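Since the structure of chain A is already known, use the hints to place chain B on it.
If you're matching them up, the sequences are chains A and B in order.
If you use my numbering, the first sequence closes out at 561, no skipped numbers anywhere.
If you use my numbering, the second sequence closes out at 846, no skipped numbers anywhere.
Bear in mind the hints are in silico, worked out from the structure with no lab data behind them.
Hints are not guaranteed to be accurate.
Output of the computed footprint for chain A on chain B, the stretches with three or more beta carbons under 8 angstroms from beta carbons of chain A [said to hold, decoys possible]:
| hint | region |
| --- | --- |
| 1 | 741-755 |
| 2 | 764-772 |
Restraint-style ranges between C-beta atoms, simulated for each label pair [as the list claims (entries may be wrong)]:
| hint | chain 1 | residue 1 | chain 2 | residue 2 | range |
| --- | --- | --- | --- | --- | --- |
| 3 | A | V270 | B | D669 | 40 to 46 angstroms |
| 4 | B | V745 | A | V270 | 17 to 23 angstroms |
| 5 | B | S627 | A | H279 | 51 to 57 angstroms |
| 6 | A | K506 | B | A599 | 54 to 60 angstroms |
| 7 | B | Q733 | A | D247 | 44 to 50 angstroms |
| 8 | A | E510 | B | L806 | 24 to 30 angstroms |
| 9 | B | V745 | A | A444 | 25 to 31 angstroms |
| 10 | B | S655 | A | H294 | 36 to 42 angstroms |
| 11 | B | D669 | A | L246 | 23 to 29 angstroms |
| 12 | B | S656 | A | R242 | 34 to 40 angstroms |
Source: prediction; values computed, not measured.
A virtual CB, placed ideally from N, CA and C, is assigned to each residue, including glycine.
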Amino acid sequence: MSKHLAERCDGLRLCRGLSDAAAWLDGQAAEINALNVFPVPDGDTGTNMSLTLQAAVRQAIAADDNSVAAVAKAAAQGALLGARGNSGVILSQFLRGIARSLEKQPDCGPAELAQALALGSATAHKAVIRPVEGTMLTVGRDAAQAALTAAEDGADLLAVLEAAVAAARASVARTPSLLPVLRQAGVVDAGGQGLLCLLEGLYRSLSGELAGQPAPEGKEAAAEPAAPLQYGYCTEFLLRLRGRGLDLEAIRAQVVGMGDSALVVGENDVVRVHLHTFHPGLVLEWAGGLGTLHQIKIDNMQDQHQDILLAQARASGQSGMAGPVEPGADGRPPHGGAGAAVAGQPAMVAVAAGEGFASIFRSLGVGTVVPGGQTMNPSTEDLLRAVREAPARQVLLLPNNGNILLAARQVQLLTDKQLAVIPTQDMAQGVAAALAFQPGADLAANARTMERALCAVRTGEVTAAVRAARLDGFEVGPGELLGLVGGQLVAVGGDQVDVVRRMLEKMGVERGQVVTLYYGAEVDAGQAQSTAALLRARLGDREVEVVSGGQPLYHYVVSVE
Amino acid sequence: MGTMGTVRIVTDSTADLPPQLAAELGITVVPLQVVFDADVYRDGVDITSDEFYRRLAESAALPKTSQPSIGAFEEEFERLCRETDSILSIHISSSLSGTYNSALLARDRFRNRCNIEVLDSRLVSMGLGLVAADCARLARQGADLRAVTHFAKRMIPNVHIHFVVETLDYLQRGGRIGRAQAFVGSLLNIKPVLKIEEGEVRPVEKVRSRAKALDRLVEFVELFPDIRELCVIYSTTPDDVELILKRIEPLVPRERILTGQIGPVVGTHTGPGVLGIVVSQGIEA
Numbered sequence: 001m002s003k004h005l006a007e008r009c010d011g012l013r014l015c016r017g018l019s020d021a022a023a024w025l026d027g028q029a030a031e032i033n034a035l036n037v038f039p040v041p042d043g044d045t046g047t048n049m050s051l052t053l054q055a056a057v058r059q060a061i062a063a064d065d066n067s068v069a070a071v072a073k074a075a076a077q078g079a080l081l082g083a084r085g086n087s088g089v090i091l092s093q094f095l096r097g098i099a100r101s102l103e104k105q106p107d108c109g110p111a112e113l114a115q116a117l118a119l120g121s122a123t124a125h126k127a128v129i130r131p132v133e134g135t136m137l138t139v140g141r142d143a144a145q146a147a148l149t150a151a152e153d154g155a156d157l158l159a160v161l162e163a164a165v166a167a168a169r170a171s172v173a174r175t176p177s178l179l180p181v182l183r184q185a186g187v188v189d190a191g192g193q194g195l196l197c198l199l200e201g202l203y204r205s206l207s208g209e210l211a212g213q214p215a216p217e218g219k220e221a222a223a224e225p226a227a228p229l230q231y232g233y234c235t236e237f238l239l240r241l242r243g244r245g246l247d248l249e250a251i252r253a254q255v256v257g258m259g260d261s262a263l264v265v266g267e268n269d270v271v272r273v274h275l276h277t278f279h280p281g282l283v284l285e286w287a288g289g290l291g292t293l294h295q296i297k298i299d300n301m302q303d304q305h306q307d308i309l310l311a312q313a314r315a316s317g318q319s320g321m322a323g324p325v326e327p328g329a330d331g332r333p334p335h336g337g338a339g340a341a342v343a344g345q346p347a348m349v350a351v352a353a354g355e356g357f358a359s360i361f362r363s364l365g366v367g368t369v370v371p372g373g374q375t376m377n378p379s380t381e382d383l384l385r386a387v388r389e390a391p392a393r394q395v396l397l398l399p400n401n402g403n404i405l406l407a408a409r410q411v412q413l414l415t416d417k418q419l420a421v422i423p424t425q426d427m428a429q430g431v432a433a434a435l436a437f438q439p440g441a442d443l444a445a446n447a448r449t450m451e452r453a454l455c456a457v458r459t460g461e462v463t464a465a466v467r468a469a470r471l472d473g474f475e476v477g478p479g480e481l482l483g484l485v486g487g488q489l490v491a492v493g494g495d496q497v498d499v500v501r502r503m504l505e506k507m508g509v510e511r512g513q514v515v516t517l518y519y520g521a522e523v524d525a526g527q528a529q530s531t532a533a534l535l536r537a538r539l540g541d542r543e544v545e546v547v548s549g550g551q552p553l554y555h556y557v558v559s560v561e
Numbered sequence: 562m563g564t565m566g567t568v569r570i571v572t573d574s575t576a577d578l579p580p581q582l583a584a585e586l587g588i589t590v591v592p593l594q595v596v597f598d599a600d601v602y603r604d605g606v607d608i609t610s611d612e613f614y615r616r617l618a619e620s621a622a623l624p625k626t627s628q629p630s631i632g633a634f635e636e637e638f639e640r641l642c643r644e645t646d647s648i649l650s651i652h653i654s655s656s657l658s659g660t661y662n663s664a665l666l667a668r669d670r671f672r673n674r675c676n677i678e679v680l681d682s683r684l685v686s687m688g689l690g691l692v693a694a695d696c697a698r699l700a701r702q703g704a705d706l707r708a709v710t711h712f713a714k715r716m717i718p719n720v721h722i723h724f725v726v727e728t729l730d731y732l733q734r735g736g737r738i739g740r741a742q743a744f745v746g747s748l749l750n751i752k753p754v755l756k757i758e759e760g761e762v763r764p765v766e767k768v769r770s771r772a773k774a775l776d777r778l779v780e781f782v783e784l785f786p787d788i789r790e791l792c793v794i795y796s797t798t799p800d801d802v803e804l805i806l807k808r809i810e811p812l813v814p815r816e817r818i819l820t821g822q823i824g825p826v827v828g829t830h831t832g833p834g835v836l837g838i839v840v841s842q843g844i845e846a
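Extracted from the complex, chain B is given alone in its bound form:
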């Protein structure tokens, strides 16, 4: 099978894919935008994660995010259509962003030229990232578009995300807080443990301390008898990542564990001090 037939994977910057991994797997990442006052930055292109969190700490006003334009997708599809006739474009949950819609609309222009599947992952960050990566690997092995798409749809329900935020402010002000709204307004200092379920943010539990929150994340990992891949995601506290890694070492072989930093766009909506775990359960290929 020639390279013309290899399915190409497209995703967006909310997947928080480490750039080397994306490059290695030939994944095209379409950037969203972060807007600080009048400054517009393409996520992961014009601003790095570290720069973003530094600016976030110094900025009085909250930055805003915006989805890629239809034109940005058209550009990437145009470029890829010269190399292949099969594209799987998989994106952040449509409940959290309009990115999926932009991709859908961009696809229209390519109906007769190229087979493009656009998929709503119902996930975000490395949840989306792990799916994109596994799809890319499968494509490399020669699977066709139907097979890769089918695989993605089976994998998605087996990817689970639990995370802890320092404060619900960012989720609330960015409008993505979903049912976790129920956790707002406590007169006590609480650390919310949250999850992504059915494409949106949902509450898991309120705990009184960061230490307890980390306990909960470890307990979350313990729920799964069969873990294919696990990713620890963080925004500004790499030390906590080390703590978590130590505690899940006995549970998951090291080679199945990745770590990833939450990028500027997702970071705008979750804030500093976030720690999360993405679990990808095993499914038959």
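Okay, chain A solo, but in the shape it has when bound:
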């Protein structure tokens, strides 16, 4: 193999390497998604890691200069904000460790690379409260160790990386022996496979195997990527309605259909609208037909994103790490201000997928609903933006999915607001937590009551298997309905009512008083009602409430309280 690389790698090569690695990982994302232990349709580790890496690359391309230090630092900052899912957050911590190790370095040789991988691995381990063997952490550590050994033995840069890749590959293959669920499901660890792909892609790029993007010609070229708009426009305005009769619900329904993070508040004939959309013109055009527009504000969210990064860079000073955003000299947050902060009452931010759930959260007083997407994977930045836009200095964040928890905790480090993360694992817990919110109480008191409330809820989820599997003692055929409680398969079958009923039994429904059936986008209202009616007949005098959740992929989310 002819080596296209000199002994040391500079920032430009590293940048290209990361970019090629991102493309390589993206190509395998779907396969990695399918490595989900559960045969459920929302495996998204591949997508999440790929998107996280792409966010890293976007920033790396815009790095201050061509040193590996600058590129690695930019990549780490991009990943920090762009991290999606737990795997994305862990990946961002790998990059953070690598960036810290390469601080002040103009370029990178075999020893520096090995040390960077080692610090990356150590930093990633620290991000997880209870590190588990047989995951991305194991693979990263094994790769780093092999790299260190190779560097000590005098290998050159490419050989060190090669050793890291080989060790990663072997480590991934071993993950089923370390994690019983993997062995049972007959898959390797998805996060580990993702990390392997990243290292593989990096190696193939640096060794000349991959045809990467043309090397950036100079700093100027690197600084001006012709990136398509990633974020859209943050659009806000006041609408003074023409004529009487404020139909807030109709207006809200229309706005919600035109973008994300919609907020519609109205009284008498004045409506305040806030929305993230790619077509602010269309929104204003429509709204203008209903009355007059005032206090119009449109921001390019890509610019806002750059501002956040800039502020972080300033705040973290020489360390090269993305630290918490500090208030500016005048005490105000560096980016524009945190909106109309209302003293006293904390605000709630929740992640939700499905218009029904979003409406429920809003009706319970959640000011900002972050769209979860198909697989509940908002980025750290999506969460950070929502927290910043919340009209209060104290914010309670409900991640509503186990896979969003790490990203939520990252936001605590990135915001200057007082943020409490309520560790809700699913949207039903989120509902219970939001219900427990008390307008008169402060942040700490609310955090306590909300956490207590989510402990009183048991949640089950019903979806259809995407493949055959043997799991938790069940034989699953593709397309069969699965009842899942707390990460465990408890019921399998072909009939909705039957699966829900058996799942409820496993959830201890005899000890509960209220059953709530949130039906998803896959189920129509009539079906849901008849399922509920049949359940009521079986469950005696328990209340069975049927509500539209509108969630993707999961026919039912069921809670017992």
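Chain B only, in chain A's frame:
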């Protein structure tokens, strides 16, 4: 001390005082009005609680309530002034009704004839009722107007009310929902747990079931280490009263527990299915 000196207690029908108790303690109860379409009923005089809730269930339109006229107070003060020269007139929270204002204005005519203290209890239903009753007892023991008034002012902050409503509709349509407005609009079936604080209705917690709401009421009782008197109030569900009584039996001696039905005027604003607990904490006499 002759009967001419005994302080007489006046309150209003929102105190939901059981009629026998009011009679026994010599408490004058000035009725508010409930208006169903064109029919005007004096609370507790022209319509009983049971009749009211029956009519409420059958009526499409919501009844309205109105405070006693100044004249109604003047009549009672006039009558009492012939028997005593000291009157304590204690009423439903001024944030919930204009009754207190009517009493204040009525007092003006009696400035030179009679000492009348008018007090805003910041309470309602048997919260107000327990205060009126204890004041009457104290008056019977010979306390003068200043002492009774002073006692009432010390007792009021130690009376606490938590209650559960079936629906917030009645509070909302009657305009007394206060900060509990925050609980309106939930897309889920919730039972609101509410309280009276600083004279108005305030939210405590939203729960998903009636059973949980009852749990909360029991937990409310458990908050108090020293309970002088406790009253369970209800509108249309006496069975729930039994459930609650059973559960608080270990906490409060039976002789300190009363029960009372929420009358038509308060009932107009809270609706059927209400259950509540009034706790009166001990204070030194």
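Verification of the supplied hints:
Check result for the region 741-755 of chain B against chain A: holds, 7 residues qualifying (beta carbon to beta carbon below 8 angstroms, three or more required). Only when three residues or more bring their CB closer than 8 angstroms to a CB of chain A does the claim for the region 764-772 of chain B stand; here the count is 8, and the claim holds. Distance hint check: the CB atoms of V270/A and D669/B are about 44 angstroms apart, consistent with the given range 40 to 46 angstroms. At roughly 20 angstroms, the beta carbons of V745/B and V270/A sit within the given window of 17 to 23 angstroms.
For S627/B and H279/A, the Cβ-Cβ distance of about 55 angstroms falls inside the hinted range of 51 to 57 angstroms, so the restraint holds. Look at K506/A against A599/B: about 59 angstroms separates their beta carbons, and that is inside 54 to 60 angstroms. Remark: the range hint 44 to 50 angstroms for Q733/B to D247/A is contradicted by a beta-carbon distance near 20 angstroms. Separation of E510/A from L806/B is about 26 angstroms and conforms to the stated range, judged on CB atoms against 24 to 30 angstroms.
Checked against the hint of 25 to 31 angstroms, the C-beta distance between V745/B and A444/A comes to roughly 26 angstroms, which is consistent with it. The hinted range of 36 to 42 angstroms is satisfied by S655/B and H294/A, whose Cβ atoms lie roughly 40 angstroms apart. At about 45 angstroms, the CB distance of D669/B to L246/A disagrees with the hint of 23 to 29 angstroms. The hinted window of 34 to 40 angstroms between S656/B and R242/A holds, with their beta carbons roughly 38 angstroms apart.
In this structure, the hints that do not hold are numbers 7 and 11, in rising order.
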